[in-house]
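S.K.: In case you want the letters, here they are:
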Amino acid sequence: MAPPEPALNNDAEGGARNERMKKIEAIVKPFKLEEVRDALGEVGINGMTVTEVKGFGRQRGHTEIYRGSEYTVDFLPKVKVELVVSDGRVDDAVNIIVRSARTGKIGDGKVFVSTIEEAVRIRTDEKGELAV
Amino acid sequence: MKKSTLTGLAFALATTLLPAGAFGADAAAPATAEQMKSILEGGSSLRIGLDTVWVLVAAMLVFWMNAGFALVESGLCRAKNTVNILAKNFIVFAIATISFWALGWGMMFGDGNGFMGTQGLWFLSGADNSPALGKDYMSLNPFSTTEYEGVYSAINWTPVPLWAKFFFQLVFAGTAATIVSGAVAERIKFSSFIVFSFILVAVMYPITGHWIWGGGFLWSGNFRDFAGSTVVHSVGGWAALAGVLVLGPRLGKFGKDGKVHPIPGHNMTSASLGVLVLWLGWFGFNPGSTMSAGNGSAIAHIIVNTNVAAATGALGAMATAWLLLKKPDLSMILNGCLAGLVAVTAPCAFISVGNGALVGLVGGVLVVLAVIFFDRIKVDDPVGALSVHLVNGIWGTLALGLFYDAQIATDVAGLATKLTRWEQFLVQLKGVFWVGLFTFGVSLLVWYGLKVLAGIRVSAEEEVEGLDIGEHGMEAYPNFQPLSDRRFAGALVHPAPALEGQVSAGVGAVPRQAPQP
Chain R
1 MAPPEPALNN DAEGGARNER MKKIEAIVKP FKLEEVRDAL GEVGINGMTV
51 TEVKGFGRQR GHTEIYRGSE YTVDFLPKVK VELVVSDGRV DDAVNIIVRS
101 ARTGKIGDGK VFVSTIEEAV RIRTDEKGEL AV
Chain E
1 MKKSTLTGLA FALATTLLPA GAFGADAAAP ATAEQMKSIL EGGSSLRIGL
51 DTVWVLVAAM LVFWMNAGFA LVESGLCRAK NTVNILAKNF IVFAIATISF
101 WALGWGMMFG DGNGFMGTQG LWFLSGADNS PALGKDYMSL NPFSTTEYEG
151 VYSAINWTPV PLWAKFFFQL VFAGTAATIV SGAVAERIKF SSFIVFSFIL
201 VAVMYPITGH WIWGGGFLWS GNFRDFAGST VVHSVGGWAA LAGVLVLGPR
251 LGKFGKDGKV HPIPGHNMTS ASLGVLVLWL GWFGFNPGST MSAGNGSAIA
301 HIIVNTNVAA ATGALGAMAT AWLLLKKPDL SMILNGCLAG LVAVTAPCAF
351 ISVGNGALVG LVGGVLVVLA VIFFDRIKVD DPVGALSVHL VNGIWGTLAL
401 GLFYDAQIAT DVAGLATKLT RWEQFLVQLK GVFWVGLFTF GVSLLVWYGL
451 KVLAGIRVSA EEEVEGLDIG EHGMEAYPNF QPLSDRRFAG ALVHPAPALE
501 GQVSAGVGAV PRQAPQP
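Top line first, the protein sequences correspond to chains R and E.
Read in order, the letters of the first sequence correspond to residues 1 to 132 in my numbering.
Read in order, the letters of the second sequence correspond to residues 1 to 517 in my numbering.
Careful: at least some of the hints might be erroneous.
Claimed, not checked - Pairs of lysine to aspartate or glutamate, EDC-like flavour, derived with a Cα cap of 16 Å:
| id | chain 1 | residue 1 | chain 2 | residue 2 |
| --- | --- | --- | --- | --- |
| 1 | E | 418 | E | 405 |
| 2 | R | 80 | R | 52 |
| 3 | R | 54 | R | 74 |
| 4 | E | 326 | R | 64 |
| 5 | R | 29 | R | 52 |
| 6 | E | 259 | R | 70 |
| 7 | R | 110 | R | 25 |
| 8 | R | 23 | R | 92 |
| 9 | R | 23 | R | 70 |
| 10 | R | 80 | R | 108 |
| 11 | E | 326 | R | 108 |
| 12 | R | 54 | R | 108 |
| 13 | R | 29 | R | 108 |
| 14 | R | 23 | R | 74 |
| 15 | R | 80 | R | 126 |
| 16 | E | 259 | R | 64 |
| 17 | E | 327 | R | 74 |
| 18 | E | 327 | R | 70 |
I should point out that these hints are in silico values taken from the structure, not numbers from a laboratory.
Since this is a predicted model, take the numbers as computed values, not measurements.
One chain only, chain R, in its complex shape (with noise of 0.2 Å):
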């Protein structure tokens, strides 16, 4: 028996019990920042945290030389976007930034996907799926 569809709207009672929200974690190239936005705005999802973080994954510092003495930068800038989608668009909001902050170079970043346990609006006490 396939499991129910999350229900995606809505319901009298509200939230959080049957869904599951989830948290995405992305970490991408800085000046990717605008078109990973804008891809997610496209499709409805509008909200999103965003830090400025430094990091390195399989790509390698630069050199850099300060009155001659040399060093090695390894952690680069990065930004990381952090948003709380309902369950049914976890995939979707993944493959956008996937497509949006790729590079196809070394330090294009990392998805990240967890689960949130509750979630509520501070302006109006809404929980669960309302609330993001």
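Using the hints provided, position chain E relative to the given structure of chain R.
M.R.: What follows is chain E alone, placed relative to chain R:
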């Protein structure tokens, strides 16, 4: 200015300012003796006024160099130490003002022996009737024939009032003191720096200054230093070197394996602006040292020499950095400009403009090599103060001998020595030696004494957190602190093995001396 020219001027004034019939005399009658006297007195006042204005304006430009130093030093150091560096640069001039007034001037310019002044020591209380040039200095002001009576005779040659001379010399003393602040930055205790600065300006700087400008033994031995490559810059440099050796390098600067970890400055805009401010200030520093406007030709020669050396210094450093280090490092170009300026400071009134350009160029090359050298021997100088002021202060002093031109020495400096270039060079070398021995030696004693009595270095924790918080309880950039500032040099780049696994508040590479609590 030639005596005959001024006499001619006096005559021209008399005949043009007093039209025929002005005093009831007819067109053919010459002015009376009384009229001539009042014209000459008026001319003298005008002349003294003009010279005083020049000296004071030049002194204001030199004062402004304190802003330049503040901008350069804070720009080349980390954000977390900005308040401390600005505070040091600011307060050091206040300290210089008081200590030079209280004792420094008297020790430097008071009549005394070949070593130091002994008369009129305290608060310029000695007798003085400046401006009073007497017959020996008719070429500077033929209107003034009063003989000098006072105890600051070494500086009676400049036709301005005592306070004008004092103010001009004061800002020079302030410059020497502020040189030290750059080399000891990012780990010096604020209180110890204050005490050292008092002693430097009240005692050390005036003693060597007396030897050279105060009628002391180097002056009598024909040593020359027009605007202070030795008196100001080397003295600051030697004092700084002693401080840096007693203090030790910054945490994380040198790795155990001998690797040098760069600690980049946080604001190249500030550093660049600072050098431009200094460049402008030098237009007071060098030409102002004539301490008289003259007929303009001397100050014009000197200002051009000053500028060309700054330019070739910057170019020389840029070329050297580009060749040796693969990139034209801006901080090296900035240091190069300053190196050229420091180097031309002694010889600017003794050499041709062409040689001035050469002196600056060599200075620019030297400063890059010196920065690399000091790092290699594990002497940590965050802003290149030693490379700029000490190394090029010495180079400029020696260059005066190498490029000495008797005609220019007579016409521009008015301080010819009748020595050959080689003889002058040897005399310069002797002066470099004595000033170095004294300043470095006494500074070492003072720094070491302060270290034993009170400590001169902040704790390791404070050094990592930043002196702004530790010494001043405030931040230069609240709400905006780059993370990399709070870790060591090297923590966000390839760390030396000793640093790996350490908590960010811990201690990094072993400094030359253990940090003082």
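S.K.: Work down the list of hints and note, for each, if the structure agrees.
M.R.: To see whether the hints hold, each was checked on the structure:
1. 418(E) x 405(E): Given that 16 Å is the threshold and the Cα spacing comes to 10 Å, the pair holds.
2. 80(R) x 52(R): Within the cut-off at roughly 6 Å; holds.
3. 54(R) x 74(R): holds, 9 Å
4. 326(E) x 64(R): holds, 10 Å
5. 29(R) x 52(R): Roughly 10 Å separates the two Cα atoms, so the pair holds.
6. 259(E) x 70(R): holds, 9 Å
7. 110(R) x 25(R): With Cα atoms ~8 Å apart, residue 110(R) and residue 25(R) stay inside 16 Å; holds.
8. 23(R) x 92(R): Roughly 13 Å between the alpha carbons, so the hint for residue 23(R) and residue 92(R) holds.
9. 23(R) x 70(R): violated, 40 Å
10. 80(R) x 108(R): holds, 12 Å
11. 326(E) x 108(R): violated, 30 Å
12. 54(R) x 108(R): holds, 13 Å
13. 29(R) x 108(R): Distance ~6 Å between residue 29(R) and residue 108(R) Cα, so the pair holds.
14. 23(R) x 74(R): violated, 28 Å
15. 80(R) x 126(R): violated, 26 Å
16. 259(E) x 64(R): The hint holds at about 15 Å.
17. 327(E) x 74(R): violated, 20 Å
18. 327(E) x 70(R): holds, 11 Å
Checked against the numbered hints given earlier, this structure breaks hints 9, 11, 14, 15 and 17; the rest are met.
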